[in-house]
Structure formats: structure tokens, C-alpha cells
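Peer 1: Line order of the protein sequences matches chains A and B.
The working numbering applies: residue 1 is where the first sequence begins, and numbers increase by one.
The working numbering applies: residue 1 is where the second sequence begins, and numbers increase by one.
Simulated from the structure, these hints should not be mistaken for lab results.
Heads up, some of the hints might be wrong.
Copies of the same chain look alike in the list, so a pair counts if it fits in one copy or across any two.
For lysine to any residue, the following SDA-like pairs were computed, each having C-alpha atoms within a straight-line distance of at most 25 Å [to be verified]: (1) Lys53 x Ala38; (2) Lys53 x Glu110; (3) Lys307 x Ala34; (4) Lys28 x Gly154; (5) Lys53 x His6; (6) Lys53 x Ser20; (7) Lys53 x Leu232; (8) Lys53 x Thr91; (9) Lys307 x Pro48.
Computed from a predicted model, the values in this text were never measured in an experiment.
Number of protein chains: 2
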Amino acid sequence: MGVTIHDVARAAGVSVASASRALSGRRKVTPEIAERVARAAAELGYQPNAVAKALRDQTTGTIGMVVPGIGNPFFTTIVEAVERELQNSGTDLLLCASQYSPQVEARRLETLLARRVDGLIISPCDIEASVPAVLDAARRVPLVQVDRYIEGGGADWVGVDDEAGLALAVEHVIAGGARSVVFAGSRLESSSARLRLSGFERTAARAGVEVLPPLLGEFTLEWGVEAGRRLLDSGRLPDAVVCANDEIAVGLVRSLRFGGVRVPEDVAVVGFDDVGHATMCDPPLSTVRQPVEEMAAEAVRLLGQVKAGDPRPAQRIAIAPRLVVRQTSRPVAAGVAE
Amino acid sequence: MGVTIHDVARAAGVSVASASRALSGRRKVTPEIAERVARAAAELGYQPNAVAKALRDQTTGTIGMVVPGIGNPFFTTIVEAVERELQNSGTDLLLCASQYSPQVEARRLETLLARRVDGLIISPCDIEASVPAVLDAARRVPLVQVDRYIEGGGADWVGVDDEAGLALAVEHVIAGGARSVVFAGSRLESSSARLRLSGFERTAARAGVEVLPPLLGEFTLEWGVEAGRRLLDSGRLPDAVVCANDEIAVGLVRSLRFGGVRVPEDVAVVGFDDVGHATMCDPPLSTVRQPVEEMAAEAVRLLGQVKAGDPRPAQRIAIAPRLVVRQTSRPVAAGVAE
DNA sequence: ATCGATTGGGTAATCGATTACCCGAGTTTC
DNA sequence: GAAACTCGGGTAATCGATTACCCAATCGAT
Numbered sequence: 001m002g003v004t005i006h007d008v009a010r011a012a013g014v015s016v017a018s019a020s021r022a023l024s025g026r027r028k029v030t031p032e033i034a035e036r037v038a039r040a041a042a043e044l045g046y047q048p049n050a051v052a053k054a055l056r057d058q059t060t061g062t063i064g065m066v067v068p069g070i071g072n073p074f075f076t077t078i079v080e081a082v083e084r085e086l087q088n089s090g091t092d093l094l095l096c097a098s099q100y101s102p103q104v105e106a107r108r109l110e111t112l113l114a115r116r117v118d119g120l121i122i123s124p125c126d127i128e129a130s131v132p133a134v135l136d137a138a139r140r141v142p143l144v145q146v147d148r149y150i151e152g153g154g155a156d157w158v159g160v161d162d163e164a165g166l167a168l169a170v171e172h173v174i175a176g177g178a179r180s181v182v183f184a185g186s187r188l189e190s191s192s193a194r195l196r197l198s199g200f201e202r203t204a205a206r207a208g209v210e211v212l213p214p215l216l217g218e219f220t221l222e223w224g225v226e227a228g229r230r231l232l233d234s235g236r237l238p239d240a241v242v243c244a245n246d247e248i249a250v251g252l253v254r255s256l257r258f259g260g261v262r263v264p265e266d267v268a269v270v271g272f273d274d275v276g277h278a279t280m281c282d283p284p285l286s287t288v289r290q291p292v293e294e295m296a297a298e299a300v301r302l303l304g305q306v307k308a309g310d311p312r313p314a315q316r317i318a319i320a321p322r323l324v325v326r327q328t329s330r331p332v333a334a335g336v337a338e
Numbered sequence: 001m002g003v004t005i006h007d008v009a010r011a012a013g014v015s016v017a018s019a020s021r022a023l024s025g026r027r028k029v030t031p032e033i034a035e036r037v038a039r040a041a042a043e044l045g046y047q048p049n050a051v052a053k054a055l056r057d058q059t060t061g062t063i064g065m066v067v068p069g070i071g072n073p074f075f076t077t078i079v080e081a082v083e084r085e086l087q088n089s090g091t092d093l094l095l096c097a098s099q100y101s102p103q104v105e106a107r108r109l110e111t112l113l114a115r116r117v118d119g120l121i122i123s124p125c126d127i128e129a130s131v132p133a134v135l136d137a138a139r140r141v142p143l144v145q146v147d148r149y150i151e152g153g154g155a156d157w158v159g160v161d162d163e164a165g166l167a168l169a170v171e172h173v174i175a176g177g178a179r180s181v182v183f184a185g186s187r188l189e190s191s192s193a194r195l196r197l198s199g200f201e202r203t204a205a206r207a208g209v210e211v212l213p214p215l216l217g218e219f220t221l222e223w224g225v226e227a228g229r230r231l232l233d234s235g236r237l238p239d240a241v242v243c244a245n246d247e248i249a250v251g252l253v254r255s256l257r258f259g260g261v262r263v264p265e266d267v268a269v270v271g272f273d274d275v276g277h278a279t280m281c282d283p284p285l286s287t288v289r290q291p292v293e294e295m296a297a298e299a300v301r302l303l304g305q306v307k308a309g310d311p312r313p314a315q316r317i318a319i320a321p322r323l324v325v326r327q328t329s330r331p332v333a334a335g336v337a338e
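Please model the complete structure; the sequences and the hints are all you need to start from.
Peer 2: The following block contains the structure:
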């Protein structure tokens, strides 16, 4: 397999230079030659070899994307949005999952760099362990972080304003009458996990409500179920639970209801992300929506501006989230009802 | 950016040939040279250019995968399984979503072929419209279809035995006492959609139960909700609904219960896939599990054997599915209870 | 001592597309 | 009519890694 431009040139009776020019249109050729080349290419089914082109041009027309896992609907939503964004720019996406492991992540970055991607979009899985690999990559190609980021600067970032999002959620349940609140989130291994907890704590403290000790596990449904069980076992239910993402919230609602607790009458629950799980929940979940399309658009735009190893200070673009009130909380506060 | 092997050779004071040999170990060099080259490479941070290697070797070490959409958890599960399977073979996965459009699918195949992937794994989105692009691709590189396939042969396939799966589901609800059944599935645009419907009809007919007209829409939660609404509106509920996938089933359960129907007491519901949605449902969904890991392993194995444009007859490997009884059906029949 | 084999290093061809550079023919201009 | 340009075509260099091929040195055997 492999019709080359030499074959086309020979079939058309011209030099490879003319064939190349006729096909790319980057320099004039006589209509006669253009015609002969076009016909020869069509007959032979010529398809330019992107590998050779990449080597010669020193650009591959691909960008790499690394996310912790594509099982998590939040990340698949972002990936889809980025893909849509790239759609018509002639750039292809090379997608990798790090499986929440900094080692795998580093390996994936290595191979993407070896394949000479023109840029990278990454959501680093661990706020500390991901640092060396990400900074090293940022030194070599344009790189933008999305959603999660690493500490220490040096690489641009686009994401939601996590603290503001949690503030929205906390203020909402307080406006609904909650006097005691608890946070159900993930262990503090990612920036999102940390910022959401701190946003929660800050807002709750400012409002002066009672704050129970946070429940920290993973960003999964299973952990949500477990967290709900622990609340039930503790014998002391708060008026509201604010969760670090929708999967936790859905699991938690299920487990509370299973324990005979009414949601939202006894306990209000609010999630975070709003990427599909929320409407699947019963009752539909009140949550904070991440502006995924905007984040993707912004990330791609930013990537176009970034240069590898750029010494200018890293940019952080935090997009404002939006509260979506459904039925796991009382519809008191301002917000979009659906 | 770009330390080449020439730079390494110069720094080590040897020829590029020696440098290459020292680094690859494919021919002996003196320990002295090996040492100098290794040191130079490390100091310069040399990383071989995969593009150049691919051009020279005529193999890229990548395989392309095209699925209808990564929003559907069934496909992400397959993708993850294939990725795991490829993990240690040094092959990378180039993932594309066709967005359920044969045009997009054809374009994605074109660019994957232009990038000279070593093989393709595809789940063609449309049983008719996908034919030309898929067959053309199969003529040029090894290609294996997974889950969905196109009519007319010419390309290998690995998937679940859809008809057998539906037979399991139908027999299960009948054993549970159902005397009237209905199928909620998708329009017949894919092989899976067709085989699941025919498996349903054949088994129901053989058992002699009453069969209501099938509800055909899309493989989505929304369609499940709508299908449930139509059943409620029809004024005539069947004893059991067998669904073409779990998303439809989850939506349907929700909408039935919303209409005051008890599941499984009034109507039993069974899904298909078992990729996570099932346990999220309330009550947990009885379903037919697709052996995703096995399918992925088999697809990768098969891909290693297939040659491009191989004239031998296409293979079809149908793996047996398994019934998983949870709580949307009566636990009567044999099957795995969880 | 000589021949053949073995070992290990270097030179340059190769993969395929693009394009810098050169060249000849035809045009324009004074 | 000759110098200066323009136009369009061809030759070969280029991207970076690998390796076919060649060659010198060394060793063992006769």
C-alpha cells in the first residue's frame, strides 16, 4: 500500500515538483499540467503521506490531550467540546487517559512529545506528583491546563472558578434555610478538590453556619454512597450536603433515601459539574454547572497563543459557574430553575 | 526544539550510525562508545523523533479507533478496555468520534489513513451509509469492527451475540410470569439495533407470548423517558419491557414510576450493556452484560492477525452475553444475582 | 606468513513531501 | 536589439532515524 507523489508525477508525465505544486496550488502551474496531475492522482487514489509531510514541515497538525480518565463523564464532556472546537481547524486530537496515575501520565506525555504534537491540553491528575512531567512538557510545546492544574505556576490554565462555584452552592442552601452544612468531596490530590473544599469552608464560615467535618474520598458514585452511609451512622444529619461533583451527590442522595431520609425536606443536596448525571438522579439534582463549552473554546484559543517555554507569567482563566436549581434543594435562592 | 541523533553523535564524538546502534542496541558497539553515547543522550535530553522513525520504518506504532460517540458510556468502556489491552504493546491509540454521522466518520477514517495508522478498530455508525468508507479502509490497513458492523462482509467483527442476549432477557421475563412484552429500542440504523429487535421478536414468538408493537427511537435516556410516556398514554401496559440498552431502560423506569407504575411488580424492565448506568438506576437495573473486556482483547488479538485487503472470508466472533438479575425484574430465572 | 572470518565503525541511501535554487523561454522596455 | 523581468518547470536538498554496504583491524587456522 502506498501511492506516492512520485507515482502520480510519473503517471502524469511531470516532475514531482510540478505534481506537488499542482496538488497544493501553492505555486502556479499550467492548466494542462494541473489537469493531468489531478487526473493521475484520482486514478491512482493518491493520498498524501501525513508522516512525510510532518517530518518535512516540522509540524504534525495534531494536539495531544491527557485527562485522568474517560470513564468520568465530566472529562468526556470536555474532550467532546475540545474536539468540536478543533473540528474545522484541520488539527486532530490525540487522546490519552492517565488513569489517575502520575506514572502513566508521564509516560503518555513522553509518547505524545515523541510524536511531536503541536500542543498539549492536560488535566493533571495529581497536584504534586504531576508537576515535573507537566512542566517539562510545557517547556517543549505549547501547553494549556484545563480543569485541574498543578501548583507552582509555569503553565497556563483554563477552568471554572471553583471557589465561586462552591460559594454559590453554599449560599443557596443557606438561603433555603440550612443552619448546618457538610462537604462531601475528594481527597486533596487535585486542585479542584482543594479549591472546592476551601470555597465551601470560607463561605460557610462567613455565613456563620455550623460546619460538620468534611467527608473526603473520591470523585465517584461509590464514595457518594459511602459518604451517605457515614452521615446516617453518625446519628447527626446536617441540613445540607454540598458535594464536590455530581457523581458523589447522586450516590449520596441514593444512600440517604435508602436510609429513610427525605431529600430535600430533611437534607438538601447540591452537586457540581452538571454534565448529565444530574438529570438522571431521582429526584433531579440541584448543581453548579461548569461552562464546559466555554472552557474548551478558551483552552483551544489560548493554546494558539502560547509558545513553548514562554517566560512570561502563566495565565489563569477562571470562568464563572452557574447555579442550576432542580429538586434536591429548596428553590429559594436566585439561580436557573429547570 | 529538537535534539537529533546527529547532535548526540557529535557530542559523543562518534558517527550517527554508532549513536543509533548504541541507543537501540540492535548491533553491538564497544562498551566505551555505548557509555559515551548514553551520557551524551542523557545530557542533551535526547528523545527520538517518532515521526522520522515512522517514515523510515513504514510503521507508526499507532492504531486508530473510531466510535460513534464517547458520550455513550458503552463506547467509553470499550475504548478503555482496548487501551488497557494495548497498554504494554508499545502501540498508541488514536481515538476519534464520528458523532453518529457517516460523513464525519468517513473524514476521520481518511485522516487516520493519511497518518498511516497500523490498524483500525471501528464501530461503524450506520449499517448502510458507513459501508464504502469502511470497506475502503479495510482494503488499505488491517481493520476490525467491534460491536456494530456493516452489511456485506469484507471486514472482521467482534461483538456480543445480540440475538442470544435478547433471548436471555425475554426468557427471563417470561419465566418471571410475563404474558405480554414490548421492545424499546433504537431505529434500525445499526446492526445492533436490528439484531436486538430480531432476537427479541424471535424469542417472544417462540414462547407464544403477546407482543406489542416495538418502540423505536434512539439509544438515549431521553428516548427511554419518551418511550415510557408513550406506554403510559397507550392505556395498555405490558407485563415486561425489554430494552435495547441500559440508557433507554433507565429512562423508561423513571418515566413509568413517575406515572405511578411499580417496577417490577406491575411491569418488569430489562436493559442491555451493563456498563455502569445499571447500578445507578433506582431500583438497580436487571440487564444483559456485554463482555467488554473480552471483546476488546479479542479485537486487538484479531487485529494482529488481519492483513489489509485480505481476500479470505471475513470472520465474525460473537461472544456470549450474561444475564445479570437485579431489581427491575423478578428473580426467577437462572442468572447472576448481584 | 597468508587467507578467511569476525568484529565494529563509518558513509550514504532511504522513507515521501515540500521547496530553495537554477534554468530556459518568452516579454517588456529603452 | 539587448538588458531586465516574468513565468513555469525541473533537480536536488531537506526533515531525522535507521541500516545496507563498505572497510579496516584483529584473530585463528593452516
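Peer 1: All hints, please: hold or fail.
Peer 2: Tested hints:
1. Proximity of Lys53 and Ala38 under a CA criterion of 25 Å is satisfied intra-copy only: 19 Å inside one chain copy versus 30 Å between copies.
2. In this homomeric assembly, Lys53 and Glu110 come within 25 Å of each other (Cα to Cα) both inside a single copy, at 22 Å, and across copies, at 15 Å.
3. Proximity of Lys307 and Ala34 under a CA criterion of 25 Å is satisfied in neither setting, with 38 Å inside one chain copy and 35 Å between copies.
4. Proximity of Lys28 to Gly154 under the C-alpha cut-off of 25 Å is found in neither arrangement, the shortest distances being 45 Å within a copy and 42 Å between copies.
5. Proximity of Lys53 to His6 under the C-alpha cut-off of 25 Å is found in both arrangements, the shortest distances being 14 Å within a copy and 21 Å between copies.
6. Taking the closest pair of Cα atoms, Lys53 and Ser20 come within 25 Å of each other both inside a single copy (12 Å) and across two copies (23 Å).
7. Taking the closest pair of Cα atoms, Lys53 and Leu232 never come within 25 Å of each other, the shortest separation being 62 Å inside a single copy and 59 Å across copies.
8. Taking identical chains as interchangeable, the C-alpha atoms of Lys53 and Thr91 lie at most 25 Å apart whether they share a chain (14 Å) or sit on different chains (21 Å).
9. In this assembly of identical chains, Lys307 and Pro48 lie within 25 Å of each other by CA distance solely across copies; the values are 22 Å between and 28 Å within a copy.
The structure fails hints 3, 4, 7 (numbered hints given earlier, in ascending order).
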